[in-house]
Amino acid sequence: MSKPLLQVRGLTKRYGDRLACADVSFDLVPGEVLAIVGESGSGKSTLLSLIATELAPDSGTVSYRMRDGALRDLGTLSEAGRRALMRTEWGFVRQDATKGLRMAVSAGGNVGERLMGLGERHYGRIRAQAIDWLGRVEIDAGRVDDPPSQFSGGMRQRLQIARNLVTGPRLVLMDEPTSGLDVSVQARLLDLIRRLSAELGLAVIIVTHDLAVARLLSHRIAVMRAGRVIETGLTDRVLDDPEHAYTQLLVSSVLAA
Amino acid sequence: MSATHTFPSPRARGEGRGDLVVDAASPQGEGEGARPNETPPSPPPYPRLPPRFADDEVGETLSPQAGRGDAERTFAQQSGYNFAYLDEGTKRMIRRAILKGIAVPGYQVPFASREMPMPYGWGTGGVQVTAAILGRSDVLKVIDQGADDTTNAVSIRRFFARTSGVATTTRTAEATVIQTRHRIPETPLTEGQTLVYQVPIPEPLRYLEPRETETRQLHALAEYGAMHVKLYEDISRHGHIATTYAYPVEVAGRYVMDPSPTPKFDNPKMDDCPALQLFGAGRERRIYAVPPYTRVRSLDFEDHPFRVQEFTHPCALCGAEGVYLDEVLLDDAGRRMFVCSDTDHCEGRRADGHVGTGDAI
Chain B
1 MSKPLLQVRG LTKRYGDRLA CADVSFDLVP GEVLAIVGES GSGKSTLLSL
51 IATELAPDSG TVSYRMRDGA LRDLGTLSEA GRRALMRTEW GFVRQDATKG
101 LRMAVSAGGN VGERLMGLGE RHYGRIRAQA IDWLGRVEID AGRVDDPPSQ
151 FSGGMRQRLQ IARNLVTGPR LVLMDEPTSG LDVSVQARLL DLIRRLSAEL
201 GLAVIIVTHD LAVARLLSHR IAVMRAGRVI ETGLTDRVLD DPEHAYTQLL
251 VSSVLAA
Chain C
1 MSATHTFPSP RARGEGRGDL VVDAASPQGE GEGARPNETP PSPPPYPRLP
51 PRFADDEVGE TLSPQAGRGD AERTFAQQSG YNFAYLDEGT KRMIRRAILK
101 GIAVPGYQVP FASREMPMPY GWGTGGVQVT AAILGRSDVL KVIDQGADDT
151 TNAVSIRRFF ARTSGVATTT RTAEATVIQT RHRIPETPLT EGQTLVYQVP
201 IPEPLRYLEP RETETRQLHA LAEYGAMHVK LYEDISRHGH IATTYAYPVE
251 VAGRYVMDPS PTPKFDNPKM DDCPALQLFG AGRERRIYAV PPYTRVRSLD
301 FEDHPFRVQE FTHPCALCGA EGVYLDEVLL DDAGRRMFVC SDTDHCEGRR
351 ADGHVGTGDA I
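Sequences listed follow chains B and C, in order. Using the working numbering, the letters of the first sequence map in sequence onto residues 1 to 257. Using the working numbering, the letters of the second sequence map in sequence onto residues 1 to 361.
To be clear, the hints were calculated from the coordinates, so they are not data collected in a lab. Please note that a few of the clues may not be correct.
[Claimed, not checked] Here chain B is said to cover these stretches of chain C; the calculated rule only asks that three of the stretch's residues, wherever they fall, bring their Cβ under 8 angstroms from a Cβ of chain B:
1. 231-237
2. 299-305
[Claimed, not checked] Have a look at the derived ranges for each label pair, beta carbon to beta carbon:
3. B:Gly201 / C:Glu327: 56 to 62 angstroms
4. B:Ser152 / C:Phe306: 36 to 42 angstroms
5. B:Ala84 / C:Arg295: 21 to 27 angstroms
6. B:Leu234 / C:Arg307: 58 to 64 angstroms
7. C:His240 / B:Lys3: 47 to 53 angstroms
8. B:Asp182 / C:Asp271: 51 to 57 angstroms
[Claimed, not checked] Residues from chain B shown here face chain C by an in silico Cβ test under 7 angstroms; the list is partial:
9. Ala80
10. Ser106
11. Gly108
12. Gly109
13. Gly112
14. Met116
15. Gly117
16. Gly124
17. Asp145
Where a beta carbon is used, it is the ideal one built from N, C-alpha and C, also for glycine.
Modelling step: build the complete structure from the supplied sequences, incorporating the hints.
Pasting the structure below:
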């Protein structure tokens with residue numbers, strides 16, 4: 001197995017007396033898709049925010065293998081370094097597209113923002129890249145100047161993906177990217193995520209409560225309950241042969257997962 | 001330090017109101033039209049200045065000695081206010097903010113903006129900066145959209161004439177302090193002059209980021225990618241950068257700054273300017289500065305470089321080219337003419353014999 005891209009050790013976060021995330025540890029290798037599943041309030045989103053360093057953990061570390069091959073504890077990065085990393089190496093596709101996109105800015109501007117943040121100052125090149133990426137997420141190039149407020153839910157999520165992938169990140173975090181979309185749109189989006197992650201060799205951490213999404217996309221699954229990871233393993237193994245009583249309950253409560 | 005030590009009070013420096021407390025309580029009252037008991041008995045010993053130094057007849061009647069440079073006597077005797085309206089403690093606080101702003105060019109320094117006797121949006125920030133830097137020997141010019149004779153300019157000029165008694169002028173070359181809303185005078189500024197801008201929205205990133213905590217963070221980290229998103233939007237919508245005023249600039253290679261609603265036509269004048277440029281935003285409580293001879297670069301794209309507006313016609317009154325023009329509607333049929341926005345520049349040229357066509361378009 002190759003060296004881990006991301007190493008999470010003993011992540012713990014409390015909100016007052018409540019334990020939101022308890023002693024979570026895992027490794028993620030390049031190109032691997034990890035699904036974090038569990039019911040609402042099980043700490044999935046908190047865990048994702050901790051990994052994205054949007055929340056500071058009470059204890060534990062998140063380490064990331066930089067381009068130079070060294071594993072760095074993200075807690076020790078400067079704010080500027082942390083932001084630069086988030087903007088180039090990482091992506092974050094949010095459940096609510098209005099939080100991940102600039103709704104008043106055209107689709108092209110949304111996709112181009114990261115490039116401009118990296119110092120690209122050539123309009124023609126920015127626009128060409130934006131159009132290219134819209135094509136790759138199956139948005140018609142003619143919509144490049146329309147703001148996402150005029151887009152459908154599925155298109156917004158695809159635009160979010162394009163916006164995140166334009167700088168060629170190696171790790172993408174996704175928080176319930178398909179929730180609230182109707183089934184056929186979900187299927188297309190999942191198909192797209194699967195294709196892109198395979199093509200680009202992306203490592204993905206996807207948070208979902210939908211076991212079907214996890215089955216379709218992920219190589220590995222971590223099942224969370226009350227802030228703890230209670231079972232982890234290869235997706236097929238966990239879904240077909242759950243060990244923990246709660247996982248058995250979770251799997252059996254879904255029709256034909 | 002002995003217990004008897006006292007700090008020099010403003011009064012000790014001759015700036016206090018001392019004996020005029022008595023005057024202020026006189027039956028004649030204060031404010032407009034107030035007359036102290038001891039009116040100057042004889043005509044002033046100084047020569048009358050040319051008429052352009054006085055605002056107009058009304059102003060002269062209301063505040064007979066304003067605008068003549070006879071600051072000391074007039075002011076102390078005639079009004080109940082400290083020199084230039086603000087108290088010395090406030091001025092000191094504002095000066096500290098200004099000094100910090102000069103030390104960190106383009107950085108927005110928070111300051112405890114005061115209520116001023118005019119509404120927000122009328123230049124309360126600029127007025128406070130001017131009040132803090134004004135000295136007795138200064139000569140003040142106030143412009144609004146380039147003009148010396150519009151409401152905002154006239155009222156602010158008269159405000160300072162009355163509360164500080166400093167000399168006022170409309171001539172750019174004679175002024176030491178120029179307070180402006182929107183324009184930088186066409187006459188090149190020189191060393192020793194100070195240009196004070198009235199700023200409504202000091203934050204250039206506000207368009208894309210409504211959170212103040214976040215914009216401060218972005219400034220601190222020099223993360224200005226979002227600034228170009230605005231320009232990108234312009235080009236994608238209009239085919240060119242359509243921002244024509246409040247055009248963002250990078251100061252001294254570091255901070256991105258909003259040059260207030262000045263037309264981008266004036267942006268190049270900010271670059272390497274010999275005069276000190278101060279910016280005051282009263283409602284937003286920010287002061288920032290561009291020291292003399294500082295690099296000020298307008299943001300742009302490689303394939304869409306920064307360009308200023310161009311006018312197809314010269315000024316209809318003075319025939320000037322390469323200056324910023326105002327469009328003046330003449331009648332209901334839509335006839336209009338283009339004239340210099342900088343009234344002083346236009347008058348000066350006409351006095352020198354330049355004549356425009358006077359034609360409507």
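Hint-by-hint comparison with the structure:
Check result for the region 231-237 of chain C against chain B: holds, 5 residues qualifying (beta carbon to beta carbon below 8 angstroms, three or more required). Counting residues of the region 299-305 of chain C whose beta carbon lies closer than 8 angstroms to any beta carbon of chain B gives 5, which reaches the threshold of three, so the coverage claim holds. Between B:Gly201 and C:Glu327 the CB atoms are about 58 angstroms apart, so this pair conforms to the stated range of 56 to 62 angstroms. At roughly 38 angstroms, the beta carbons of B:Ser152 and C:Phe306 sit within the given window of 36 to 42 angstroms.
In this structure the hint that B:Ala84 and C:Arg295 lie 21 to 27 angstroms apart at CB holds, the actual value being about 25 angstroms. As the Cβ distance of B:Leu234 to C:Arg307 is approximately 60 angstroms, the hint placing it in 58 to 64 angstroms holds. Remark: the range hint 47 to 53 angstroms for C:His240 to B:Lys3 is upheld by a beta-carbon distance near 49 angstroms. Separated by about 55 angstroms at the C-beta atoms, B:Asp182 and C:Asp271 satisfy the suggested range of 51 to 57 angstroms.
Hint status for B:Ala80 relative to chain C: holds, with the closest Cβ pair at about 5 angstroms, below 7 angstroms. Because the beta carbon of B:Ser106 sits about 6 angstroms from the nearest beta carbon in chain C, less than 7 angstroms, this interface hint is met. Proximity of B:Gly108 to chain C holds as hinted, the smallest CB-CB distance being about 6 angstroms (cut-off 7 angstroms). Hint status for B:Gly109: holds, given a least beta-carbon distance of 5 angstroms to chain C, under 7 angstroms.
Interface hint at B:Gly112: satisfied, since its Cβ lies 6 angstroms from the closest Cβ of chain C, which is below the 7 angstroms cut-off. Evaluation of the B:Met116 hint against chain C yields a held restraint, the C-beta minimum of about 4 angstroms falling below 7 angstroms. For the restraint placing B:Gly117 at the interface with chain C, the shortest Cβ-Cβ distance is roughly 3 angstroms, inside the 7 angstroms limit, so the hint holds. Hint status for B:Gly124 relative to chain C: holds, with the closest Cβ pair at about 5 angstroms, below 7 angstroms.
Given the 7 angstroms rule on beta carbons, the hint for B:Asp145 holds: about 5 angstroms separates it from the nearest Cβ of chain C.
Checked against the numbered hints given earlier, this structure breaks none of them.
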